[in-house]
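Peer 1: Sequence:
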Amino acid sequence: KQWYQRRVAITAGMADKRKLQGEIDRCHKKVGEGVESFKETWKKLQQATNPNQKEKYEQDLKKEIKKLQRLRDQIKTWCASNEVKDKRILLEDRKLIETQMETFKVLERETKTKAYSKEALGLPAKIDPAEKERCEMREWLNDIIDQLNVEIDKVECDIETIKAQNKKEKSTDCDSALIPLL
Numbered sequence: 024k025q026w027y028q029r030r031v032a033i034t035a036g037m038a039d040k041r042k043l044q045g046e047i048d049r050c051h052k053k054v055g056e057g058v059e060s061f062k063e064t065w066k067k068l069q070q071a072t073n074p075n076q077k078e079k080y081e082q083d084l085k086k087e088i089k090k091l092q093r094l095r096d097q098i099k100t101w102c103a104s105n106e107v108k109d110k111r112i113l114l115e116d117r118k119l120i121e122t123q124m125e126t127f128k129v130l131e132r133e134t135k136t137k138a139y140s141k142e143a144l145g146l147p148a149k150i151d152p153a154e155k156e157r158c159e160m161r162e163w164l165n166d167i168i169d170q171l172n173v174e175i176d177k178v179e180c181d182i183e184t185i186k187a188q189n190k191k192e193k194s195t196d197c198d199s200a201l202i203p204l205l
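Residue numbers (this note's numbering): 24 to 205.
Hints are computed from structural coordinates only; laboratory data are not their basis.
Mimicking EDC-like on lysine to aspartate or glutamate, the simulated pairs with C-alpha atoms at most 20 Å apart in a straight line are:
| hint | residue 1 | residue 2 |
| --- | --- | --- |
| 1 | Lys99 | Glu46 |
| 2 | Lys52 | Glu115 |
| 3 | Lys40 | Asp109 |
The model shown is predicted, which means the values in this text are computed figures rather than measured ones.
With the sequences and hints as input, model every part of the structure.
Peer 2: Take a look at the structure:
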């Protein structure tokens, strides 16, 4: 009977470990999905031009970060427990979540800054992505035009030099042709 009780206790302990490992795996998967969703929403927010869109994306980011924070709390609990032996994956997930939290903190700071506060007035002006692309294209075109103008000047200079040489040759040819006539 004691043998059976020990066997049941051992198998129950193993089942608990498998169950815990399954929970950790599900949490790891949710962290990956949550971080990916956060990054996608962050990109959309950076590309948004409409203030209503930006506000919607900010709310979406807030929801995602809340989910990630709940997962982080669970990961902290598992890291503190002695039941989990390999905590490397848990620590990596925790660092990943904390990185996203730092990114979100920057966004919060930006959105909470008043328009005419000292901090906001000291910040560089924000340019929307489309305007930035137009500026870059304009600069590139101006550079190309400058390069072409330099090339045109060189070619015109070469043409004038060739014409001057041709005139000299013709005048010397004419002089040599006139000498026998005299």
